[in-house]
Amino acid sequence: MAFKLVICPPNYQEHWPELLRQEIPDIDVHLCPTVGEAMEVIGDADAAFGDIVPELLERAEKLRWVACPQAGPRAGYYTRELIESDLTVTNTREIYNDHISAHIMAFLLAFARGFQVYIPQQVEGVWRQGYPTIYLPEATAVVVGVGGIGGETARLCAEFGMTVLGVDPRLTEPTAGVAELHRPEALLDVLPRADFVLVTVPETPETQGMFTRTQFQAMKETAFFINIGRGATTVLDDLVEALRSGEIAGAGLDVFQVEPLPPGHPLWTTPGMLITPHVAGVGPYLDDRRTELFVDNCKRFNEGRPLRNVVDKANWF
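Under numbering that gives the first Met the number 0, the first residue of the sequence shown is numbered 0, with each subsequent residue one higher.
If you're looking for bench data, these hints aren't it; they were derived computationally from the structure. Don't take each hint at face value.
In the DSSO-like style, the derived pairs of lysine-lysine whose C-alpha atoms are separated by at most 30 Å in a straight line are [stated by the list, open to error]:
1) LYS3 - LYS61
2) LYS61 - LYS312
3) LYS3 - LYS312
4) LYS298 - LYS61
5) LYS312 - LYS298
6) LYS3 - LYS298
Whenever a hint applies, use it, and build me the whole structure from the sequences.
In structure tokens:
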């Protein structure tokens, strides 16, 4: 027998066991729609996919690999027990790059052309011209988090002629489109140069509360803030105050500290805001990409080869 695999929700696909048996004939696959079913079979499993809650981890005596079903899973996924274990964890980063970078550019282009002003005017039935535009070849974008999504966003910004400054803790050399690369410690020095601040970082112990009033006050009054990474990186009360006081010109958010964003929250009616309901990652081919990544990693695990998308567990990404 090759190895024993337990597949749990979320984001699994019903045809995976059959597909895996075609690729790895001796694999022992268990598709478990509930935690209770998984608890019955995970004891001697070698690998698992899904939300492996503490009750499952406690019962897993032989587990060596956990495939996280998302790039940035739910809060609390990386428990102390999981972090301190010898388990290898992988995630699904990279499969969303084109969809999310397109969403970022939609926000950016909307702000560059004044849509945050014209959309409310349309709702009110008001015809009023004269809002200034931003000429992108003379604009600077600061991309905070130059991973797969941030890297693709930087490339697209450069295609529009923008100067791109990257901020990233892992990269040692600029990627395509990035004119300068900086460490996170230099963020406050870089922000004043930005016309657009594009945040793509995941939630980690270091990025929680990364953007507060201090960071917004470091930005130009004409600059725009766009976050599609994780809601926990941005303190919303501070963002509201920054917008209302004119410290920044506008903000586009797809992720929030609390989701759904509650009815009546001031962000809904704060001038300069564009809001989408955590849909930046929506797009075609995600199931195919997730399947390809998982099956390839199963084959690698079976053959003892390095896995793709290995996570730094202590930093959750």
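Hint check:
1. LYS3 - LYS61: 10 Å, holds
2. LYS61 - LYS312: 19 Å, holds
3. LYS3 - LYS312: Satisfied, since the Cα-Cα distance of roughly 23 Å is no more than 30 Å.
4. LYS298 - LYS61: 18 Å, holds
5. LYS312 - LYS298: Satisfied, since the Cα-Cα distance of roughly 22 Å is no more than 30 Å.
6. LYS3 - LYS298: Answer holds: LYS3 to LYS298 is near 13 Å, not above 30 Å.
Checked against the numbered hints above, the structure breaks none of them.
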